[in-house]
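Generate coordinates for the entire structure from the input sequences, incorporating the hints supplied.
Mapping of the sequence shown onto numbering that gives the first Met the number 0: position 316 corresponds to residue 315, and the numbering continues sequentially without gaps.
One should not assume that every hint holds.
Stated by the list, open to error - Quick list of simulated restraints, FRET-style, between CB atoms:
hint, residue 1, residue 2, range
1, Tyr5, Glu235, 16 to 24 Å
2, Gln173, Gln270, 38 to 46 Å
3, Asn320, Asn12, 36 to 44 Å
4, Lys59, Ile263, 39 to 47 Å
5, Ser268, Asn12, 47 to 55 Å
Said to hold, decoys possible - List time: in silico PhoX-like cross-link candidates among lysine-lysine, alpha-carbon distance up to 20 Å:
hint, residue 1, residue 2
6, Lys106, Lys7
7, Lys128, Lys26
8, Lys133, Lys21
9, Lys153, Lys133
10, Lys153, Lys128
11, Lys193, Lys7
12, Lys305, Lys52
13, Lys133, Lys26
14, Lys23, Lys52
15, Lys170, Lys264
16, Lys213, Lys193
17, Lys23, Lys133
18, Lys267, Lys170
19, Lys21, Lys52
20, Lys281, Lys305
21, Lys7, Lys170
22, Lys267, Lys153
23, Lys229, Lys213
24, Lys170, Lys261
25, Lys21, Lys153
26, Lys153, Lys261
27, Lys112, Lys193
Because the hints were derived from the structure by calculation, they are not lab data.
On a predicted model such as this, the values are computed, not experimentally measured, just so you know.
For each residue, glycine too, the CB sits at the ideal point set by N, CA and C.
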Amino acid sequence: MRNFQYLKLPIRNEIIAYRFFKNKNAKKTLILIHGNHSSQIYWDPIIPLLQQKQQEFQQKMLKNLEISENQFKNENKNTSTNKNININDDIFSQFDILTLDMKGFGKSSYNNKSENLEDLADDIVEFIKILELKNVIMGGWSTGGAISMIIRVKIPEIVKGILLVSGVGWKGHQFVAKNEQGQVVVRESLGLRKSLQRNLTPLFSDARNIVGMKMFMQGMFGNSMQAFPKEEYLKELIEDSLRHRSFVEINMGLHQFDFFTKSIKNQKSIQNTPTLIYHGKKDPIINCQQAQANQDLIGSQTSTLKINEEAGHVPIFSHSNELSQRIVEFLSQIEIKNQKLQKPKL
Numbered sequence: 000m001r002n003f004q005y006l007k008l009p010i011r012n013e014i015i016a017y018r019f020f021k022n023k024n025a026k027k028t029l030i031l032i033h034g035n036h037s038s039q040i041y042w043d044p045i046i047p048l049l050q051q052k053q054q055e056f057q058q059k060m061l062k063n064l065e066i067s068e069n070q071f072k073n074e075n076k077n078t079s080t081n082k083n084i085n086i087n088d089d090i091f092s093q094f095d096i097l098t099l100d101m102k103g104f105g106k107s108s109y110n111n112k113s114e115n116l117e118d119l120a121d122d123i124v125e126f127i128k129i130l131e132l133k134n135v136i137m138g139g140w141s142t143g144g145a146i147s148m149i150i151r152v153k154i155p156e157i158v159k160g161i162l163l164v165s166g167v168g169w170k171g172h173q174f175v176a177k178n179e180q181g182q183v184v185v186r187e188s189l190g191l192r193k194s195l196q197r198n199l200t201p202l203f204s205d206a207r208n209i210v211g212m213k214m215f216m217q218g219m220f221g222n223s224m225q226a227f228p229k230e231e232y233l234k235e236l237i238e239d240s241l242r243h244r245s246f247v248e249i250n251m252g253l254h255q256f257d258f259f260t261k262s263i264k265n266q267k268s269i270q271n272t273p274t275l276i277y278h279g280k281k282d283p284i285i286n287c288q289q290a291q292a293n294q295d296l297i298g299s300q301t302s303t304l305k306i307n308e309e310a311g312h313v314p315i316f317s318h319s320n321e322l323s324q325r326i327v328e329f330l331s332q333i334e335i336k337n338q339k340l341q342k343p344k345l
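Shown next as structure tokens:
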């Protein structure tokens, strides 16, 4: 049974459904943003793994510290030095996990239509400020990656790092539209909108269209579908996907995404952000070139790009164990005291 909370955004006039997995020792908050045609429950396979691996990682670091202290004492047992080993206690700090449904998705409202990703990011910025969250790491899967990058630029004093899982490239995601005669309409926005309405409305307008959505997901997720858990969970995913109301607007937003291309200032603002980019080589939707482009924009000094040779578009399902391990290691290396930039050594 999932326990959802709901937060009203007075400025944005939306109600956001979210879940907060708290840790009493946490100094950071990992906010996980879902992708297109999905919802926050798509993150569920890695949440217990993240909680488990936090504990395991802390125990491992404490054991290593104990060994180092004993070794130091043995090496200096004939001296009178009182020198201590300098340890950055950020590596021991754990983190809360927060998932949410963006407006128009899942259990969140959709009072105001939006056709750009920046508008969705503004919702989450208000959400973060209302909850007074500090030391946030934004984690985004697919479309959620682009949203996370925008949020970092808007509130860099709060967002200390970014996690991009199968993330959309900073230049957006171009769609190929076809008219009623099946002819390709590439550059015409009106043609794309009509194509999206014609192709997606029948799918999302019927909440009972389980079979149609399952076929749609098989085409979208490719080999990752093989790693989907129990049939009951798959049904929940499909039902949540069928709640998507902004299917035309979100795809138009991806197609016309220009937050970084229109502004050199925004490009410079995202540079040198501590970032982990995790991407599947077999991703049928967002290719590895887009992942590389994101690293090129952010900078290799503070970002790490991990290409999984076997993963598709949803490593959250297919490679949840490795992904969660890398996330825990990445978060442990983000300093929150003096904001010193540090490349994750993964």
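Exercise. Which hint numbers does the structure go against, in order from smallest to largest?
Worked result: As far as the earlier hints go, 2, 5, 11, 16, 21, 25 are violated by this structure, in ascending order.
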